[in-house]
Amino acid sequence: MTEYTKPLPLITDLSRVFYDGCKERKLLYQQCRECGEVIFFPKKICSNCMSRDLEWKQSQGRGKIHSFTVTYSYAPPEFAKDTPYALSIIAMDEGFYIMSNIVDCDFDKLVCDLPVEVVFQPVTPDITLPKFRPRPPAR
Amino acid sequence: MNRFRGKTAIVGIGEVPTGHFPERSFVDAAITVCEAAIKDSGVPKHAVDTIIPIGVVSNPLDNANVVCSWLVEELGLGKTAKSNFQVMSGGSSSANALKTASSLVLAGLSQAVLVVHCDRLGTGIDFNAAVTAFARASVSQEYEVPYGWGQLGLAGLLQQRYMYETGTTERQIASVVESLRKWAALNPNAMMRKLRTADEILDSPVISSPVRKRTMNVLADGAAAFIVTSAEWAKDLTDQPAYVLGVGSRCTNFTSTQQPKNYHAAWGPAADEAYTMAGIQPKDVKVAEIYDAFPTFILITMELLKLCELGEAGRLVENGHTSPGGRLPVSTNGAMMAQGHTGAGGGVAILVEAARQVMGKAGERQVPNADIVVETASGGVGMDFHVGVLGREA
Chain W
144 MTEYTKPLPL ITDLSRVFYD GCKERKLLYQ QCRECGEVIF FPKKICSNCM
194 SRDLEWKQSQ GRGKIHSFTV TYSYAPPEFA KDTPYALSII AMDEGFYIMS
244 NIVDCDFDKL VCDLPVEVVF QPVTPDITLP KFRPRPPAR
Chain P
15 MNRFRGKTAI VGIGEVPTGH FPERSFVDAA ITVCEAAIKD SGVPKHAVDT
65 IIPIGVVSNP LDNANVVCSW LVEELGLGKT AKSNFQVMSG GSSSANALKT
115 ASSLVLAGLS QAVLVVHCDR LGTGIDFNAA VTAFARASVS QEYEVPYGWG
165 QLGLAGLLQQ RYMYETGTTE RQIASVVESL RKWAALNPNA MMRKLRTADE
215 ILDSPVISSP VRKRTMNVLA DGAAAFIVTS AEWAKDLTDQ PAYVLGVGSR
265 CTNFTSTQQP KNYHAAWGPA ADEAYTMAGI QPKDVKVAEI YDAFPTFILI
315 TMELLKLCEL GEAGRLVENG HTSPGGRLPV STNGAMMAQG HTGAGGGVAI
365 LVEAARQVMG KAGERQVPNA DIVVETASGG VGMDFHVGVL GREA
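Residue numbers (the numbering used here), protein chains in the order written: chain W, 144 to 282; chain P, 15 to 408.
One or more hints might be untrue.
[Stated by the list, open to error] Result set (DSSO-like, lysine-lysine): computed pairs, CA atoms no more than 30 Å apart in a straight line: (1) W/K207 - P/K59; (2) W/K186 - W/K207; (3) P/K208 - W/K187.
[Stated by the list, open to error] Some chain W residues judged to face chain P by a derived CB distance under 8 Å, without partners named: (4) T148; (5) P152; (6) L153; (7) I188; (8) V213; (9) Y215; (10) L230; (11) G238; (12) S243; (13) N244; (14) D247; (15) C255.
Read the hints as simulated data drawn from the structure, not as lab findings.
The C-beta atom is built at its ideal place from N, Cα and C for all residues, glycine as well.
Can you make the complete structure from the sequences, with help from the hints?
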């Protein structure tokens with residue numbers, strides 16, 4: 144693996160659970176056991192009822208592009224070599240939103256609400272990132 | 015009657031040109047706008063007892079120093095000032111400073127509050143450092159940093175979804191810039207004063223789709239200040255104060271991933287609150303000084319302010335109604351797209367322009383009968399939404 148030079152996520156006791164899940168090709172989110180609120184980004188306290196009784200759940204990994212942008216220039220310096228790349232906010236079927244890149248696709252065919260699915264990209268021995276690609280047959 | 019409505023006023027404003035001024039020092043620009051605001055207000059210097067410097071983004075040392083009463087010493091306010099403290103919420107600092115200043119005056123804790131913004135994002139910071147700083151703040155370190163988010167990416171995400179939901183065309187977005195350039199051409203303090211047609215704007219390359227080079231803002235040096243006093247005193251100080259008639263706000267999120275997907279449900283109440291407090295209807299608004307950062311947010315805000323129907327803002331702009339001479343003048347200083355992006359100062363410049371229009375001091379770009387002016391601000395990635403109503407009668 145060539146050296147990975149882009150920013151890596153901050154690992155905390157909470158985000159470690161999420162990235163350990165990614166290493167096992169599982170996209171994890173949380174749900175409140177008390178009020179049922181779907182929670183992502185992961186938290187210690189329910190954003191609805193302030194309960195600390197939150198459980199981790201595995202997402203089916205499917206969603207739709209809420210929005211996207213293909214960056215051609217003026218990218219943050221660490222990403223300058225990678226242009227063009229597609230940055231996206233994805234609306235997951237379970238009801239949470241996640242930011243990622245759309246990969247394995249023709250950028251000209253991207254459109255809001257396009258169905259996508261997660262693919263896991265190991266970038267270092269410790270970190271695997273969830274990325275998304277158009278779901279067949281849209282591919 | 016609401017106990018906030020019409021009880022305070024902006025009585026003095028100061029501003030220096032926005033642009034790239036490597037020879038203009040931070041403190042020189044800062045004291046120049048304070049001096050101008052104090053002299054414009056007619057408030058005796060010794061009555062300026064509270065100084066609120068807005069956060070400085072380009073230089074942490076300048077920021078530390080304004081927090082530590084640098085401007086109190088420079089302006090010679092040390093014998094009479096009671097408090098110097100910072101208000102900082104990025105682009106919405108203007109609104110939060112106005113709320114804070116008005117509350118202090120209303121509570122009798124302050125006679126006159128000086129709010130001042132100064133920053134040097136054009137020449138006081140290396141360009142790449144500025145891009146990096148803006149690409150790191152307001153981003154989740156755990157779940158967003160790996161993907162190449164930046165302020166232009168944010169603009170792209172916002173514009174893409176807005177066009178998809180409303181059917182607004184790219185040409186209509188470009189028309190916003192055309193309109194802002196027309197206003198900037200009449201504003202000696204603006205940076206981008208050259209007229210550009212929508213077609214010329216669409217001719218520029220795509221940077222982060224669908225945002226093009228000429229639908230990006232440009233980082234700049236700038237400074238502006240304003241003075242808030244009681245409405246009672248304002249009447250004696252100046253012929254035409256800008257009375258604070260209504261404020262409303264909502265603070266919703268930190269990251270762009272978690273930004274409300276339905277702006278109208280999340281931020282609409284801010285406009286409703288401000289209008290209700292002011293006792294006005296959207297149709298009473300003569301000028302809308304809208305905070306932009308990017309052109310799409312002007313269109314979204316026109317709809318949030320109920321100045322038009324959902325999805326209609328682009329057509330209104332394309333037909334010239336928001337330009338000089340139009341029936342709904344929008345962002346008459348050129349906003350950040352044409353006056354220049356000065357960090358937290360974009361909002362301050364918008365608020366100062368709103369006061370300027372109400373006070374009848376807008377020169378060539380003065381809108382006739384600007385008796386009710388609405389102004390907006392938003393910070394972070396669009397983390398909040400603030401609406402203020404200024405008017406000629408308390």
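The hints, checked one at a time:
no.: 1; hint: W/K207 - P/K59; verdict: violated (59 Å)
no.: 2; hint: W/K186 - W/K207; verdict: holds (23 Å)
no.: 3; hint: P/K208 - W/K187; verdict: violated (52 Å)
no.: 4; hint: T148; verdict: violated (12 Å)
no.: 5; hint: P152; verdict: holds (5 Å)
no.: 6; hint: L153; verdict: holds (4 Å)
no.: 7; hint: I188; verdict: violated (15 Å)
no.: 8; hint: V213; verdict: holds (4 Å)
no.: 9; hint: Y215; verdict: holds (6 Å)
no.: 10; hint: L230; verdict: holds (5 Å)
no.: 11; hint: G238; verdict: violated (11 Å)
no.: 12; hint: S243; verdict: holds (6 Å)
no.: 13; hint: N244; verdict: holds (5 Å)
no.: 14; hint: D247; verdict: violated (15 Å)
no.: 15; hint: C255; verdict: holds (4 Å)
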